[in-house]
Amino acid sequence: MRKDRDCQSLSLWQLSPNAMRLSRLLRISRRDSLLTGMSAALLGGVAHARAQDQHSASLQTTDHSEILSQFMAVSRRLTDRDTLDQRIGAALCNGILHGNADRPARIQALYALLTKENFASASDYARAAETQDKAFKDVIHEIMTGWYRGVADGKVVVYRSALMFDITKDAVYPKTYATGGPFYWTTRPPDVARPAGQPALSPSKFVVEPT
Amino acid sequence: MSSEQNLSADVVIVGSGVAGSSIANELARAGISVIVLEAGPRVDRQHFVENFRNLENKPSYQGPFPAVPWALHPPDQQTPNEYLHTSGPDAEAYQQVYLRMMGGTTWHWAGCAWRYLPSDFELKTRYGQGRDWALKYDDLEPFYYQAEAMMGVCGPDPLVEDLGSPRKQPYPMEALPISYAAQQFRKLITEKTPWRVVHEPQARNTRPYDRRPTCEGHNNCMPICPIGAMYNGSYSVYDAEAAGATFVPNAVVYKIERDSANKRVTAVHYFDPDKGSHRVTGKYFVIAAHCIETAKLLLVSADEQSPDGIANSSGHVGRNMMDHTGVQVTFISGDDAWWPGRGPLETNVIDNFRDGPWRNERGAYLVHMVDDNQVDLATQLAISKGYVGRELEEQIRYLASHTVRLFSHNEGLADPDNRLTLNKTRKDVLGIPHPDVYYKLPDYTVRSCEHTRDVFRQLIGLMHGTDEQWTSGYFPQDHPAGSTIMGVDPKDSVVDGHCRSHDHDNLFIASSSVFSSVGTGNITLTVAALALRVADTLKKELVHA
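From first to last, the protein sequence lines are chains A and B.
Going by the UniProt record's numbering, the first sequence opens with residue 1, and the numbers climb by one from there.
Going by the UniProt record's numbering, the second sequence opens with residue 1, and the numbers climb by one from there.
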């Protein structure tokens, strides 16, 4: 009695939330197959999920250095940074391409715009992109979300290495990674002046979700 | 399929959260045999931490704790919900979240360990509202201290900062030093309003305590403290097991069996994940399965002897659903940078509205300035505003250092029409119905929330705030209470002042479900104190029998 009663599905806990989404699809597939005898519709759904996964895998293994190179160049301009981590960039690029079928063409078009003019700043470039095509705004949001939040295609690509933590590391720690010692929080953090910079893109609706 | 194995113990407990596990610990240490049946799995802290780090939606408190199919819990606070189905004028305001797994919902609490005020137990007598409890503050005071010692609660010296709940002993640990942000908030409130900011008592270590380390300020008390500096129910599970109690995970109790006279419980039956059925007998039974699940179990167990459910001769099982339904606003301060999110999540409170003569008309409340790391929110907000490049980075720093979030716990009121029932169509994989809750916010609480909004607007003005984002409607605080309400009269209550069922002599309920009123402070310490009082009663009856 002291020993835990284990069962097969408890292996759920060995998965990360990202993996769990796919696992859930596969788990339903197995159970429903056994109980109802291979529903064609469900198989179609699982096949689609597996195809998506294979698509993702092929993006990781196929040589797509050209689009990655374009993604990195666009990213450097949009972040006003001379260098960005190539490995993180590759993972973000994969996620963004996986999330929407038109993203390869969009990134190529953004790169074409970048090479057409010598933009002095991220804001100049983003402003010109939205002027050329309103659809670029969503792509730029995805690239900003990728680098600064570490999220692409709704999944965490990096947590601690997201740029939002790099630019605030003199004041706060990423949750679960505090290293300041007990009661570090009583000290005065750095002041921050009100920034004068203006948005480059048109605003989008943002709602603070209840927690 | 039924088990050949017949399990038995002196005391059988359903639920392994802070209530069930602390009772198990007390009884096992007294040499009493105990079996605890937990519907969900046993999972270790590292998995939750890993899940959190991989979660895209970091503010989702349920996110790191996905449910298993045989022990569903609400996946989020969305309406409609995949598990907890709410209806009524304020359906969205009762979208509670909780956990069904070993250790219970305190895996993702913030450690706020309030004692209720003496007046909270006498709401009807003092203010003509709601109901009185069938016990007084003084009855619970020794158990409050026992719970504080068990959890390791830090709090202020009452001679310096009296929180209104008389104490016979000081807090086990000194109060937590508050953050720079909280210091600035306190300074503002002290200098520019008639109110005050007090230290929030917390089950969090300000020194090494009970084998747990000092808090390092990871700012992640909810959803998961990465180092265990904050108490949660799993520690009482470990202690109870060390003392000899038996915990059975993945054991979903679905039936409560009684004797032919329907006066005593004789056994509970549980399903394992493969729907194998098992019977567990005992001398005493304690249902400690969270407010929602406790009422659900009593209703699910209805049979010919008790067609309306177990312990339900009053018809009040599932009624009187309460919460600290509140108000929430996030805004950008126009003053100096506070940088919230350095240190624990909730450390300070405006407590001026917890009690007063106006409670005869409107509910009490308390106000939290949430010390939450706002970097992710600031980043999303800055991107949505259209910033890129250097300007984006400046905005992120500014917004992260100037975002302020306020929310309130507003006092609910027992209303029999706010009711939990069983869903007629939706069932889990074991065939057990999902819970439904009808909820209309009592006018008493609506008036309290309106008062809170006025106070918040004053605070926003004092901080020269902009970009206000009010959570629409009312804000569920995940402090459900009242579903097996306590009272003196068996005709209109489910348990007596000792949390014993009026109907069944050997059945106790240890949960916020027994609360007769809900006050303003977080409910967990009162749940623990009531549970320890149940343990005390059981020890007396079993040891001295």
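In short, the hints are calculated from the structure, not lab data.
Wrong hints could be hidden among the right ones.
Cut-off 30 Å, straight-line C-alpha distance, at most; resulting in silico cross-link-like pairs (DSSO-like, lysine-lysine) [stated by the list, open to error]:
no.	chain 1	residue 1	chain 2	residue 2
1	A	K134	A	K155
2	B	K124	B	K168
3	A	K155	B	K385
4	B	K385	A	K134
5	A	K169	B	K187
Keep in mind that this is a model prediction, so the values were computed, not measured.
For this structure, which hints from the list above don't hold up?
none
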